[in-house]
Amino acid sequence: MTGLLREPSVHFLAAGLILFGLYTWSSGEPETRREDDPYRIVLSQETLISFIQGKTKNSDSSQTHRLFEQLDGDARKAWVDRYVREEVLVREARSLGLDREDSIIRRRLAQKIEFLTLGLLEEELRLDAGELDAFYQRRGEEYRIPATLTFTHVFVGNSGDSGRIKAESLIGNLNAQGISFRDSAALGDRFLYNRNYVDRTIEEVRSHFGDEFTDELEAVEPTASTWTGPHRSSHGWHVVLLTRRTTSRIPKAEEILGPLRDDAMRAKRETVLDQAIDALVTKYQIELMLRDVD
Amino acid sequence: MLTRFITRSERACEFSSKVPSALFVLLVGISMTLTVVSSDRVSAETFRELLWGDTHLHTAYSFDAFLNGNRSADPDTAYRWAKGLPVIHPYHRARVRVKDPLDFLVVADHAEFLGVIRTLYYNVHDGPGAAFAEQVRNAFDNGQGGAMFRDVLPMGVVAPGDTKDPISDEGAPNALPIAAFGEQIRRDTWAETTAAADRHNEPGKFTAMIGWEWSSLPSGANLHRVVMTPADGETARTFMPFGSDESSYPDDLWAWLDKTTQETGAEFVAIPHNSNISKGYMFGETSLNEAPYTTESARTRARWEPVIEATQYKGDSETHPELSPEDPFADFEAYTSYIQQNRQTYVANKGDYARSALRRGLEIEERVGANPFKFGMIGATDSHSGLSAYEEDNFWGKMALDSTPETKLKYGVGRGVTGWNIGAGGIAGVWADENTRESIFAAFRRREVYATTGPRMKVRFFGGWDFDKKDLGASDLAKPGYSKGVPMGGDLAGRPEAPGGLRGLLGRAAPEAPSFLVQAVKAPRGANLDRVQIIKGWIASDGLSRERVFDIAWSDDRMPGASGSLPPVGNTVDLETGRYTNDIGESELVVVWTDPDFDASQRAFYYVRVLEIPTPRHSLLDGIALGTEPPKEHPPTLQERAYTSPIWYTP
Numbered sequence: 001m002t003g004l005l006r007e008p009s010v011h012f013l014a015a016g017l018i019l020f021g022l023y024t025w026s027s028g029e030p031e032t033r034r035e036d037d038p039y040r041i042v043l044s045q046e047t048l049i050s051f052i053q054g055k056t057k058n059s060d061s062s063q064t065h066r067l068f069e070q071l072d073g074d075a076r077k078a079w080v081d082r083y084v085r086e087e088v089l090v091r092e093a094r095s096l097g098l099d100r101e102d103s104i105i106r107r108r109l110a111q112k113i114e115f116l117t118l119g120l121l122e123e124e125l126r127l128d129a130g131e132l133d134a135f136y137q138r139r140g141e142e143y144r145i146p147a148t149l150t151f152t153h154v155f156v157g158n159s160g161d162s163g164r165i166k167a168e169s170l171i172g173n174l175n176a177q178g179i180s181f182r183d184s185a186a187l188g189d190r191f192l193y194n195r196n197y198v199d200r201t202i203e204e205v206r207s208h209f210g211d212e213f214t215d216e217l218e219a220v221e222p223t224a225s226t227w228t229g230p231h232r233s234s235h236g237w238h239v240v241l242l243t244r245r246t247t248s249r250i251p252k253a254e255e256i257l258g259p260l261r262d263d264a265m266r267a268k269r270e271t272v273l274d275q276a277i278d279a280l281v282t283k284y285q286i287e288l289m290l291r292d293v294d
Numbered sequence: 001m002l003t004r005f006i007t008r009s010e011r012a013c014e015f016s017s018k019v020p021s022a023l024f025v026l027l028v029g030i031s032m033t034l035t036v037v038s039s040d041r042v043s044a045e046t047f048r049e050l051l052w053g054d055t056h057l058h059t060a061y062s063f064d065a066f067l068n069g070n071r072s073a074d075p076d077t078a079y080r081w082a083k084g085l086p087v088i089h090p091y092h093r094a095r096v097r098v099k100d101p102l103d104f105l106v107v108a109d110h111a112e113f114l115g116v117i118r119t120l121y122y123n124v125h126d127g128p129g130a131a132f133a134e135q136v137r138n139a140f141d142n143g144q145g146g147a148m149f150r151d152v153l154p155m156g157v158v159a160p161g162d163t164k165d166p167i168s169d170e171g172a173p174n175a176l177p178i179a180a181f182g183e184q185i186r187r188d189t190w191a192e193t194t195a196a197a198d199r200h201n202e203p204g205k206f207t208a209m210i211g212w213e214w215s216s217l218p219s220g221a222n223l224h225r226v227v228m229t230p231a232d233g234e235t236a237r238t239f240m241p242f243g244s245d246e247s248s249y250p251d252d253l254w255a256w257l258d259k260t261t262q263e264t265g266a267e268f269v270a271i272p273h274n275s276n277i278s279k280g281y282m283f284g285e286t287s288l289n290e291a292p293y294t295t296e297s298a299r300t301r302a303r304w305e306p307v308i309e310a311t312q313y314k315g316d317s318e319t320h321p322e323l324s325p326e327d328p329f330a331d332f333e334a335y336t337s338y339i340q341q342n343r344q345t346y347v348a349n350k351g352d353y354a355r356s357a358l359r360r361g362l363e364i365e366e367r368v369g370a371n372p373f374k375f376g377m378i379g380a381t382d383s384h385s386g387l388s389a390y391e392e393d394n395f396w397g398k399m400a401l402d403s404t405p406e407t408k409l410k411y412g413v414g415r416g417v418t419g420w421n422i423g424a425g426g427i428a429g430v431w432a433d434e435n436t437r438e439s440i441f442a443a444f445r446r447r448e449v450y451a452t453t454g455p456r457m458k459v460r461f462f463g464g465w466d467f468d469k470k471d472l473g474a475s476d477l478a479k480p481g482y483s484k485g486v487p488m489g490g491d492l493a494g495r496p497e498a499p500g501g502l503r504g505l506l507g508r509a510a511p512e513a514p515s516f517l518v519q520a521v522k523a524p525r526g527a528n529l530d531r532v533q534i535i536k537g538w539i540a541s542d543g544l545s546r547e548r549v550f551d552i553a554w555s556d557d558r559m560p561g562a563s564g565s566l567p568p569v570g571n572t573v574d575l576e577t578g579r580y581t582n583d584i585g586e587s588e589l590v591v592v593w594t595d596p597d598f599d600a601s602q603r604a605f606y607y608v609r610v611l612e613i614p615t616p617r618h619s620l621l622d623g624i625a626l627g628t629e630p631p632k633e634h635p636p637t638l639q640e641r642a643y644t645s646p647i648w649y650t651p
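Sequence order for the protein chains is S and L. The opening residue of the first sequence carries number 1 in this note's numbering; numbering runs sequentially from there. The opening residue of the second sequence carries number 1 in this note's numbering; numbering runs sequentially from there.
Please keep in mind that the hints were generated in silico from the structure rather than gathered at the bench. By construction, the Cβ of each residue, glycine as well, lies at the ideal position given by its N, Cα and C atoms. Mixed in with the good hints there might be a few duds.
Example chain L residues on the side facing chain S (calculated, C-beta under 10 Å, incomplete) [what the hints assert, rightly or not]:
hint, residue
1, A130
2, K469
3, G473
4, S475
5, L626
Partner residues are not named here, just some residues of chain S that face chain L (Cβ under 7 Å, in silico) [as the list claims (entries may be wrong)]:
hint, residue
6, T47
7, S50
8, Q53
9, G54
10, A186
11, G188
12, R190
13, L192
14, S207
15, G258
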């Protein structure tokens, strides 16, 4: 079904535009329809079945075919009357030019041409390395990776002075004994959230510890084994071993090739379409009948 | 090594007063050795880590999402939002962004008509689908997408509480439109959506799990299931997602899952949702085709459905005031509109809610020896806008159409609902070994998952026979939790004859009742906690089930009243500004609780419910923004909550 998009026939384009665009019953046979005679309605079985299918909201055309076979004469006549009635109204509306000014119909026609145009431009919708690189240079900022911190902490739940004093004495012991990242797992009071924060964003750290703590940590230099503090958070005091800090950066193109290519393709599709439409516009001479602005 | 005990000295003293000092030294020695051993682990956290995600997200590929205004938010948009990147909203086109990104996401579009409406709208101008495509475009461009959606809904023939098979009713338009049309479109869309999952899956950082929704809705009884698989796209593309157009019977879905697992190696779980609007059929007394449960069929269901969605946009399914009249918090985000064309008065049934189903499961197990409703609980969004928006103040509607305060009023006209009947939330907390498809899937299998109605409350829940208050002194409660008990979703079987571990060595008496270790922590950016409760259900001596709610930990040193009930925590929400403060409530509640009414001969389940202090509902924020009274659909403030998966006791 989607293959149809990739096979936009010129025939269809012309028919869609010159004839009646929107209301062309696509499964009908144009040569028997004689739509050039506005007062002659030719109704084929296929068109009628397609009409019934639409009205009954049945998505299965073979089922509608079977149903149609079972309809008796009266029922068929009722459907024919319904079709004729609608067709007559549509033609009358067209003869009054209602299809030309209707905003919905105008939008539909415009949309159809956009899709058909894109289909015709498939060749141009390939992306070469240069274009990908140019897109990356232009839009790389959107893929920025936020800054992160890696640290562990020993928590003292008492947020008063005695807590601070306890935390201060802890720093000396931890550093004197060279307690490492993973050896500290059993120390301190229970903290609400995590003990270890590995490559967590500043924002997440902020949400767990509050502003004061996070701002202080942003100024701490990473080391393998030097505990710092005490740092105060919204929960109490912390002695911290901060081992890694990454700064915010724009990833290399190789790291984000998948999404980059998708986005570049999307952007290109829009550009190509704009250009194609601009080219169409140049075929037209535009006369402005606007009143001058003073 | 002395530093190890600096901050624990007071507790150590308390401990030592009850045990001979020589033994204490010995214990310290043992525990130090254990500590050193366990600290050799190098992972980010010593124990399982808490991951947050949404298993139920629809994109423009779902027919109803598209008809209700989501023309642009595809799986790529969905993953970008989940990962915290700014995206364009499919309806109002503003740039939007989640505040706390998710760790995992399941894009679960409806299997029926997968991608068909979207493709027809955009692409099909010729061929057998053209007339239907035209109709779709007409409906859409005239603003009649919502009406068209209504037209494809079933007529509700069975009434809430009926027990006859709702599918057998010949003549009623009981199913969604069949998918015979547009099979190639479905195939192409499935290829696209599974490829997008693989593209966005980053083991260790972000998990994109493949899934879909089986949308069985016979006679308006909602039996929907989200199906998910840890398989990769290549495997998933060897089958087509099973839809309700192939069968509306859950038993047929499970049979298909079984067959497909054997054929392709892909594993699955099915996650029922919106049992609240199933007219009693989701957790009925019998199978849907009226066959009583047997040992075999109960096991089959429990195998495929280890977890249910207990809360989401279309209401909360934990329990209902009519089913739990003694539970003052039972009336929460009730949604009472069946998904069908005609209106029917809502009636809450035992088959509609998680708590009554857990009870019914025990009753069936009593009879047939297996429990079909042995499920854990998660929350999810069921968002159709491509945006898994679970934050009350950053909520963008169920569909694309109802994403602004003004359009919420118009949403669902003719079906008796507005955008304010929709709740803003549901999210799944998962205790997983790591952030990968396999680990998350394994957590679902063992039910080590829980539901919240949006906020990221951390909840630990362990059951065992030897927990006592001293365990609360651990620097990480997971340590005593995992070493002395089972986590949420687990089983306790039979009462031990002697206590475990050192208490056993000391010759202490066997425990009379199970004890539970619970930790609840407020969401980092969220509101404080009001209380922690245990909900117990059990089989009484008459063979029927009972339920009881216990308050086990609470904030602000409140005293229970004469009736035993705890006074309300209060409410700091300013109805004029929509702000609240954390001046009431507690940031963390921890407790060891022992069942005071335990009877070792009775089957039972226990789960934890955590309540936040009141916060503003999205409808209140809309009312303030519109300069009107708060919308009447629900109270202007709500107490967000978490439900853990239960721990079961079997004699």
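Right, here's what the structure says about each hint:
The closest approach between the C-beta of A130 (chain L) and any C-beta of chain S is roughly 4 Å, which is under the 10 Å cut-off, so the hint is satisfied. About 14 Å separates the beta-carbon of K469 (chain L) from the nearest beta-carbon of chain S, more than 10 Å, and the hint is not met. Taken as an interface hint, G473 (chain L) checks out: its beta carbon lies about 8 Å from the nearest beta carbon of chain S, inside 10 Å. Using the Cβ-Cβ criterion of 10 Å, the hint placing S475 (chain L) at the interface with chain S is satisfied: the shortest such distance is roughly 5 Å.
With 10 Å as the threshold, the beta carbon of L626 (chain L) stays out of range of chain S, its nearest partner Cβ sitting at about 29 Å, so the hint is violated. The restraint placing T47 (chain S) at the interface with chain L is violated, with a minimum CB-CB distance near 9 Å, outside the 7 Å limit. Taken as an interface hint, S50 (chain S) checks out: its beta carbon lies about 5 Å from the nearest beta carbon of chain L, inside 7 Å. Because the beta carbon of Q53 (chain S) sits about 6 Å from the nearest beta carbon in chain L, less than 7 Å, this interface hint is met.
A distance limit of 7 Å between C-beta atoms decides the matter here; for G54 (chain S) the minimum to chain L is near 4 Å, and the interface restraint holds. Because the smallest distance between the Cβ of A186 (chain S) and any Cβ of chain L comes to about 4 Å, under 7 Å, the interface hint for this residue holds. A least Cβ separation of about 5 Å between G188 (chain S) and chain L falls short of the 7 Å threshold, and the interface hint therefore holds. Annotation: R190 (chain S) was flagged as interfacial toward chain L, and the flag holds, the nearest CB pair being 5 Å apart, inside 7 Å.
Taken as an interface hint, L192 (chain S) checks out: its beta carbon lies about 5 Å from the nearest beta carbon of chain L, inside 7 Å. Restraint check, S207 (chain S) versus chain L: the minimum CB separation of about 4 Å is within 7 Å; hint holds. Interface hint at G258 (chain S): satisfied, since its Cβ lies 5 Å from the closest Cβ of chain L, which is below the 7 Å cut-off.
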